[in-house]
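> Listed here are the chains, written in short residue letters.
Number of protein chains: 4
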Amino acid sequence: MGSVADTLEQRTVTLEGAQRVVEAALTLARRMKVTISVAVGGLAGDLKAFARMDGASTLSAETARRKVQTVAMVGMATHEFGASLRSEMAVEPELFEGMLGIEGIVAFAGGVPISVRGEMVGAVGVSGASSQQDREIAEAAAAQIR
Amino acid sequence: MGSVADTLEQRTVTLEGAQRVVEAALTLARRMKVTISVAVGGLAGDLKAFARMDGASTLSAETARRKVQTVAMVGMATHEFGASLRSEMAVEPELFEGMLGIEGIVAFAGGVPISVRGEMVGAVGVSGASSQQDREIAEAAAAQIR
Amino acid sequence: MGSVADTLEQRTVTLEGAQRVVEAALTLARRMKVTISVAVGGLAGDLKAFARMDGASTLSAETARRKVQTVAMVGMATHEFGASLRSEMAVEPELFEGMLGIEGIVAFAGGVPISVRGEMVGAVGVSGASSQQDREIAEAAAAQIR
Amino acid sequence: MGSVADTLEQRTVTLEGAQRVVEAALTLARRMKVTISVAVGGLAGDLKAFARMDGASTLSAETARRKVQTVAMVGMATHEFGASLRSEMAVEPELFEGMLGIEGIVAFAGGVPISVRGEMVGAVGVSGASSQQDREIAEAAAAQIR
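Chains as they are written, first to last, in our numbering: chain A, 1 to 146; chain B, 1 to 146; chain C, 1 to 146; chain D, 1 to 146.
Just chain A, with the same shape it has in the complex (with noise of 0.2 angstroms):
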């Protein structure tokens, strides 16, 4: 028969937590004077609170939200995930296009895990800026969890 041992403790973020990391996320777009989508998610990429900026694209929002699925898929943020594959690339640039071609992977900076105690919790991802500052913005939002 079955017990808790059979199970394993995971934490997720909640949404008081997930709206805290939103809100430094678009504070910290407003004073970079750039226009951004934000998401965050629980651990496994489920979306939790979102915000689009006047101005910024659909397309961020849609991006915004793919960067949470693949941090939550993969387990690592999204930039990690793109150096990760691109020093794959050399020896097998099958894997690099493979990976890619997974419905709602992206591969580029701006989506990093939240944690508590290097333990993950969910994830955010920011798109609109340049992905430099997309992923500026993430660090920083998620570092109001910890």
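Please note: incorrect hints may appear among the correct ones.
Which copy? The list can't say, so a pair holds if one copy fits it or any two copies do.
For lysine to any residue, the following SDA-like pairs were computed, each having C-alpha atoms within a straight-line distance of at most 20 angstroms [what the hints assert, rightly or not]:
#1 LYS33 with GLY55
#2 LYS33 with LEU43
#3 LYS33 with SER130
#4 LYS33 with GLU16
#5 LYS33 with GLU23
Worth flagging that the hints you see were computed from the coordinates, not collected in a lab.
On a predicted model such as this, the values are computed, not experimentally measured, just so you know.
For this one, chain A is given, so just place chains B, C and D on it according to the hints.
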């Protein structure tokens, strides 16, 4: 050559307005002791702000978004759209099926327009409680903007 | 600054537990002389273990997975979800159609939550026999974990 | 009228065989201290058995399945398919892109045929470690059937 005379002026809800609608929905849902997802979109159904309460299902998240999309596509509340479909169902069952077969269309209560001076500027979709409660919350939240 | 207070604790079934659920379903199906597919997912519907008996259709494989996904999305057994839709159908036929139009959602018997101490930790989906048999097998298999 | 002469005999791996392949992959992965997903399909790439180790990403689950599908579609190991694409890439870059653009096709190591007496009867796909480790595990696991 074109001119302003060739254009229509449209108004769409701002992020700030959309976030106020989201907060109003969350506050009312907590008071009613129900757990919901709430999505707010601009005039085109383009997502502006979103929140999913802790414990609300991921189906409610998807449904809230679809209610926003439907309101934007049909220009009326989802319960009104449902009623109009039902009244046509007796004479034209194909229409009922055909409309509901369109990807993303939902025709039950919980999606309402956000209007300013009688003009639609966006939509709010609520899901997770009974569809009557979803509608009550959506209508109260939409009334934040006028 | 955030903290563990910004997170919810969740439990999800282990691979070992998931494989025990699969084996229980296969054993019962053989005893009932039916051929089935059985899928077990974690809390978010993420596939953990799967088996398709010799002779079971590939449709049963896809359906078993969708039952897992549906249980994860709605937080209840698929037959309960179906019953709740049906009870609303008299007053709101659009709701029934609308929910079933969401990709991957199925609302017939055979998908049940896996729970430990009343808390959902995953889902099992069975398909290939009659939907009542699918449900009976899924419930017995899910009872391996508690 | 048709007859046996109008048919080809095919062999496909049983569920029992598929489960043995899965267990062999899991055992080897644990010994190598890597976390993987492993999928086993029949001759047509139809999923028979699957397991995702605790801690393996959901991307690895999807990738393992795609490796099975690719082996079934091309009739060779994914690393051989990758090598053949690469050798054609110099003369026909469109072929490389075109093949990888087909939904579900992956051309990097980790998917291998399961064969009996030189005849393919199924496929195993492993993902989650380096692609060379994925391949090593898949080959050892496939050798369970012969």
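> How would you classify LYS33 and GLU23 at a CA-CA limit of 20 angstroms: within, between, both, or neither?
This pair counts as within: shortest intra-copy Cα distance 15 angstroms, inter-copy 25 angstroms.
> Between the shortest in-copy and the shortest cross-copy C-alpha distance, which are at most 20 angstroms for LYS33 and GLU16: within, between, both, or neither?
For LYS33 and GLU16, only the inter-copy Cα distance (17 angstroms) is at most 20 angstroms; the intra-copy one is 26 angstroms.
> Given identical chains, is LYS33 near SER130, meaning Cα to Cα at most 20 angstroms, within a copy, between copies, both, or neither?
within (12 angstroms within a copy, 38 angstroms between copies)
> For LYS33 vs LEU43, is the C-alpha pair at or below 20 angstroms within one copy, between two copies, both, or neither?
neither (30 angstroms within a copy, 24 angstroms between copies)
> Pop the pair LYS33 and GLY55 into one bin, within, between, both or neither, using alpha-carbon distances up to 20 angstroms.
Classified as within; 12 angstroms inside a copy, 35 angstroms across copies.
Of the numbered hints stated above, the single one contradicted by the structure is hint 2.
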